[in-house]
Amino acid sequence: MGFSFEYLLQGFATALTLQNLFWALVGCFIGTLVGVLPGIGPVSGIAILLPLTTVLPPTSAIIMMAAIYYGAMYGGSTTAIVVNIPGEASSVPTAMDGYEMAKQGKAGPALAISAISSFVAGTLSVIALTLFAPMLAEFAVVFGPPEYFALMFMGLSLVISLSGHALLKGLISMALGLGAALVGQDPLTGAARLTFGTVTLNAGVDFISVIVGLFAISEVMINVEQRITAISEMKITNWMPAWADIKQCLGTMIRSTGVGFFLGLLPGCAPSVTTFVAYDLEKRMSKHPERFGKGAIEGVAAPEGANNATSTAGFVPLFSFGLPTAPSMAVLLGGLMMYGLQPGPMLFAQNPQFVWAVIASMYIGNVMLLILNLPLVGMWAKIVNIPFYILGPMIVFCAVVGTYSIRFQAFDVWVMLIFGVIGYFMRKLGFPVAPMVLASVLAQMLETALGQSLLISQGSPFIFFTRPISAVFMALAFLSIGRGIWVLMRAQAPEVAVEDPD
Amino acid sequence: MRCIVRRRHRPAVFPMTRRFDHGKKPLAKADCSPPNGRATSHGECYSEVAVRTQRAADIAVGCFIALVGIFVLSASTTISVARVHRLSPRTFPYVVGLLLLICGIGLALKSWSLRGADSRIHWPDGEGIRTITVSLVGLACYIALMNPLGLPLATFLYLAFSTWYLNRSRWRMALTIALITGALSYVLFIRLLGLSFPAGSLFE
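Residue numbers (my numbering), protein chains in the order written: chain A, 7 to 508; chain B, 118 to 321.
A couple of the hints might just be wrong.
Unchecked claim - Cross-link-like lysine to aspartate or glutamate pairs, in silico, EDC-like; alpha carbons within 20 Å at most:
{"hint": "1", "chain 1": "A", "residue 1": "300", "chain 2": "A", "residue 2": "251"}
{"hint": "2", "chain 1": "A", "residue 1": "293", "chain 2": "A", "residue 2": "251"}
{"hint": "3", "chain 1": "A", "residue 1": "434", "chain 2": "B", "residue 2": "244"}
{"hint": "4", "chain 1": "A", "residue 1": "109", "chain 2": "A", "residue 2": "251"}
{"hint": "5", "chain 1": "A", "residue 1": "289", "chain 2": "B", "residue 2": "235"}
{"hint": "6", "chain 1": "A", "residue 1": "289", "chain 2": "A", "residue 2": "251"}
Bear in mind the hints are in silico, worked out from the structure with no lab data behind them. Just so you know, these numbers come straight off a predicted model, no measurement behind them.
Construct the entire structure; sequences and hints are all you get.
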């Protein structure tokens, strides 16, 4: 079940079929588009499209979804460099030096180096994913329900404790996500839970409605409130970086890949964290740290490499353990489950063709994205100019269509609207959104794993502490909660989450 | 997530954003000072009346969440329990209710005990609240009209209204976009993909 070239070649054979190539290209295109466009990100993009992809075979659908996710990381830097608007928190370091370069007339080279750095980091990370994921999956075969429960518990704890100085808000967010997922019939007994006697709620709340509401609708509300109309254009004439610039950034690209990839394996370690770490590392290692913030090209290459590496690294725990480390990964996990695929170690054993085709498609996707982003960067920069009075209603239209097509019921769209309002207030009040998304997707798996564990132990909760692997996960979970409590006790300011929801 | 201008921790400036212009008089009594004392130059205006501090908001939200917790706990007691399973269907709802109750009280108490350091929440001004409310009502009407009118017509009406509302000088563009998208939604989702969207009496 471990890595073998034969599997990878088979994966390439599947990924290189005309149909899969087409959907990978569509995914790369949409990914770059959602990365560039304000008001919509990869989470909303994937969640909206997920129900509509039921007409596609699972491999093509997941290839497209994955391409949207890593493609968005390529597109995210465009607005940061061209107009100094870091569309994502992870693009803030890119804007620091990228916009300075743009002001000096070097917007083209900045955009190009960001695409090249993204490509190098993306490709190196896919190589690491190819080697690591099957290895970890082999290790995870011995996992039983207690280990899975402990792993998911640890994942949620890390996501909560890493979301800034907001332990209580993170816990509330997680509890609300769990609560939303519990509405409806209990999967084991069929008992109606939290339905308040209404028949409509018996079918339950779908996580896609929750996610689209939290991300797309609340984002539109924020932009509508601020009465944004459009972003102005910057004229760019010279697009290519000098060879010396690329050579100067090679070391940066490799280092930022390492930082982004290894930190990205941890749940909750979003690109917004890893890009800052990579940027800081480059600044410390530079012989001229004073250039950073004033248009240093390494200051663009480092965060762009790190965010691509982090996004690819997220696939390692997803494929090996079935553990999503970020909201986008949670949506992809939901997509895999929707297609009847059980993410985790058995994915490599039972569906090797599928998983290797998706991995192989990432190599191809990175090449496609380089082509889409290098020569066409001018086109993407122009797309930023779509006025918000057109873009906002169109995003809402896509969200409504995507949500309605989950079960073809208006109920799901009402749920989306409600969660849009909840998401708006969560953002305003400094609540982290990631724990809610992860909890709403993981709730059923958590409950099933807990039920099975208690069945094995005949009702004793100590099973999680007597089995070595689950004990390690539980210890890590309690350590992260302990760290969160320690930070909470020391904090002398109101809780405000710092996170990049994507 | 993509956004244009919002994060408190963003050090960047946003000099090139244009804002809706409804052709109305400038906002009255608007506090255009930067949120949290940070320097931004994108000219957002926040209502003085609606501004509350993070501490006050956290106390109010904490109490509200605690009430939600009590509500969930009481709703959980009505779940029928099957004895054959080790894990009762009430367990998770109880955990959720308890977490909400404890964390809600914790948040309220912690915020209550804070003195000194505080930050402001930048709520929208009157114009912003009106724009959000109208946009949400438009969306609610879109959802409500989806089944009786069908996807194409409801989409046309929603897009025509929302696009016009956000920029009233471009009503022709609003109509064109709404017409094209409404027609596309019919051709793509109903005719080509054969998805079970309501077509409405016009297209049936």
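These are the hints, each one checked on the structure:
Simply put, residue 300 (chain A) and residue 251 (chain A) have alpha-carbon atoms about 16 Å apart, close enough for the 20 Å limit, and the pair holds. The hinted pair formed by residue 293 (chain A) and residue 251 (chain A) meets the criterion: a straight-line CA distance of about 16 Å does not exceed 20 Å. With a CA separation close to 17 Å, the supplied pair residue 434 (chain A) and residue 244 (chain B) stays within the 20 Å bound. The straight-line distance between the Cα atoms of residue 109 (chain A) and residue 251 (chain A) is roughly 18 Å, inside the 20 Å bound, and the hint therefore holds.
Note on residue 289 (chain A) and residue 235 (chain B): the hinted pairing is violated, with a Cα-Cα distance of about 32 Å set against a maximum of 20 Å. About 16 Å separates the Cα atoms of residue 289 (chain A) and residue 251 (chain A), which keeps this hinted pair within 20 Å; it holds.
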